[in-house]
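**Student:** Make a model of the complete structure from these sequences and hints.
Protein chains in written order, with our numbering: chain A, 1 to 192; chain B, 193 to 724.
Since the hints were derived computationally from the structure, they do not count as laboratory data.
Simulated coverage check for chain B against chain A, where a stretch passes if three residues somewhere in it have a Cβ under 8 Å from a Cβ of chain A: (1) 299-306; (2) 361-369; (3) 407-419; (4) 555-563.
Pair by pair, the computed Cβ-Cβ distance ranges are: (5) T649/B / G106/A: 31 to 41 Å; (6) L667/B / P139/A: 51 to 61 Å; (7) G155/A / V636/B: 23 to 33 Å; (8) A101/A / L281/B: 52 to 62 Å; (9) E650/B / T104/A: 32 to 42 Å; (10) V161/A / S566/B: 26 to 36 Å.
For every residue, glycine included, the Cβ atom is placed at its ideal position computed from N, Cα and C.
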Amino acid sequence: MTIPRLLMLTLLLIMVPTAQAHHVLGRPAYSLNEDSNTPPAMQIETQVGAYFVTFMAYPAFPKPGEPGRVNFYASRIDSGVSFSGPVTFTVRDDGLLIDSAPETLGQQMPDDGVYRQNYQFHQAGDYLVRAQFESDGEPYTVDFPLRIGDPAPIGPIGLAVALVALLLLSVNLSQRKRLARLKTQRHNAGRA
Amino acid sequence: MAWPIAELEATAAICSVAPAAATTETMVHPGLPIAWAAVAMLMMIGLSLPVLRGSPGNASRSDGDHMLSLTALPMIGPALHEALRRPWLLLTLRILTAALFLLLIAAGLFGSPIPERNLATVLTWTFWWTGIVIAVLLLGSAWCAICPWDALAAWLVRRRLWRRGAPHTSLNLRYPSWLRNQWPALSMLAGLTWLELGVGVTTSPYATALLGLAMVVMATTSMALFERKGFCQYVCPIGRTLGAYSTTVPVAVRPIDPLVCADCKTLECYHGTDQIEPCPTHLVIGRTDVNQFCTSCGACVQSCPSHNVSWGVRPVANEAMHHTRGHWDGAWFMVGLVALTSFHGLTMLPEWEQWMRHSARWIGDSGQLLWTFSLGMALSLVLIAGTFVVTIRLTQRLGPRQADFKPLFNNLALAVLPLAFAYHIAHNLSHMLRESHGTWAVFVNPFGRGTLPLSTTERHALMTLPIPEQLLFTLQAGLIVLGLGLAVRILGARARKIGLDRGVSRVPTTTFLLGVSGMNLWLLTQPMIMRM
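**Tutor:** This is the structure we're talking about:
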C-alpha cells in the first residue's frame, strides 16, 4: 500500500461523517418481522467492491428437509442503484476438513430488485452459499454461511477433552518415569 | 444414488419479506450531554494545574503506614477474616463460578444462536465482561480467586479440590525467561479485543463458548507444564488487566502487623504448607508492597501460622504512586491498556462503521472487513502509543540532562493507568445498566430454547435504565474526572521520584493525560452502539 493511501486512510479515520443506525457488517443479525407470524430470518450485510450487498436466509434456523430461501440484494455504493443482471447461486459443504465441489442452485433475475433462490437441504451441516455476478467486467463473489439443523457440539468439546487428556497423561507418564529413575538412582547410591 | 446436498425448491415464494422490511436496526445509546463534558473538562484542567507548578507529590509515604486491616473492623472484621482463613468460603465460590461457567459452555454450544437469548453471550459480555472491571474498584483482583478457568485447570492438574496437589502432577518447569514478562498478556489482550470487536464473538454464543474452552485449555496446559501459575502471572489478559487496575484501588491483601512478617523465617506464604499451595505468583506477601501480581487466591491468608495476613484498605493509588516497579514490558502493558480501552469506545461509535466502509473500498476489502478492522485497530493503537512515546521524548528534552528514555517511560506510564481504568468503568457502566434490563430471563432459560429474536419493542424495553439517566451521566463524568485526578497524583509522585522537579518537564505528560481524558470524554458524549 502506498504512503498517500495510508495517509488517506488515516484521514478517513479522523473524519466524522453523519451517523446512522446500522447492522454490523459481515455479522449475522436475527430479526423478527412483527407484521407477520413468520419465523425469524437471518441477515448479513456487507460490501464487495463497488456494491453494498444484503443476504437474508429464511428461515433463520432451517432444518434438513425443510424448504428455505435466500434473498440477495446488491446496490452500488456510490449511486445506490440496484444491480439488475443475472446472479448465479451455488452451494458447497463447508464442514471442518471437508472439501466438497460446489453445486449450482440456480441462476436468478431480480424481482423488485431482490434475487430469490429457494433451496431444500437433505442433511444437517455447515454450508456456504455463494452468489456470483459480473458487473463492469469484474466478477463478484459473495459467500454466505448457512447452517442447516443443530450444530455438532461434540467437535469442540471432544477436541478440548482430548487435548487436556493427552496432556495430563503425558505429564503423568513423564513424571512416573522420572520418579522411577530417581528411585533407582537412590537405590544404587545406597548400595554403593 | 448420490443425493445432491441441496436442491432447488420448485414451490412458489415461501414468504414475501423483502430485506428492507426485515432489517433490524442496531440500537444506539445516547451520549453524555455536551454541557456535562464541558464542566468535566474544566474540572480536569483545574486538577492538572498544580502538577505543572512542580508541586511535590506525597512521594515518601508507604502504604504500610496507612493500611487498615479488615480485622480492625468492628464485629464483621474478625468474622470475615476467620471465614477467609478457612478454605470453604473460597472453595464454595469457586465451585459456583465453575458450575456457571460449564453451564455457559453448554448453552453456547447447544443453545440458541440468538445472542440476546443465550446465557453464554448475555452472562459473558453483558454481565461478566462489564461487571468485572467495576468489581476491581471494590474488591481488587478478587475475581482471580474464583476464576473458573484457573479453578478447572487446578482441579484437572492437581486432582485436589483445595488441598495442595502432589508435586508430580505437573512437570513444574520454570517458565521460559523470554515469556516471564507482560508481553504475552498484552498480545492476548489485543487478540481478545480483535476477536471481540473485529470478529464479533460477542454476538455468537458458539464462539463465546469456544473462547471459554480455549482459555481453560491454555490454563490447564500451563499448569501441567510449568510451576505455580504462570498463566495467571504472565499470559492471562484478564488477570493482568485486573492486576494493573488493582494497583490504584484501596483494597489489597497485606500483613496485619508488618513486624511479624519481618521476623518470619519460614515464609509459609511463599512456600506453602503441607495442605496449602504456595503463592501462585511467587510473592512473599509479608514483605511486598506491590499487589499487581496478587491473584487474591487466599493461600497466604490460610497458610500464615501467625494469622497475620488479611484483606485491608489502603490509600487510593498509593501502590501506583510509590511502589509499583516500572518495567519496560509492564509499562507497555499499561500504555496498551489505555489505547485498547479508548479503541473499544471508538469502535462502538456509529461513525466507526462509516470509516470501515470507506476504508474497505480503498484497500479492496470485503465480507466481514477484517483486514480493514485490523488496519484500523493497528492505526488507532499506534497513534495513541506513538503519541505517548513522543510525549516521553519531549519530557526527555525538557527534563534533567541525560535522562534515559526507559526509566522515564516506565515510570510515567503508570500515570496513564487510571485513565484506562476510569474510562473502562464509565463505558462498561453504560453497557451494563442499559443492556441488562430483562436479560435475567436467560437464567431461567439459559439455552434460549424456543425463543425468538428481540422485537423492536423488546429492544427499546431492554434499554430502559434502572437508574435516572442524570445519575449515570454524573457517574460517567465523575469517573473521568477522578481518573484524571489520580493520574495527575501518580504523575506528581513518579516525576519527583525520577527527578522531574521542574514544572515545565511535566507539561508533555500532563498534556497527554488531558488529551486522552478529553478524547475519552468526547467518546462518552457520542451515541454508542448496543453491544448485542
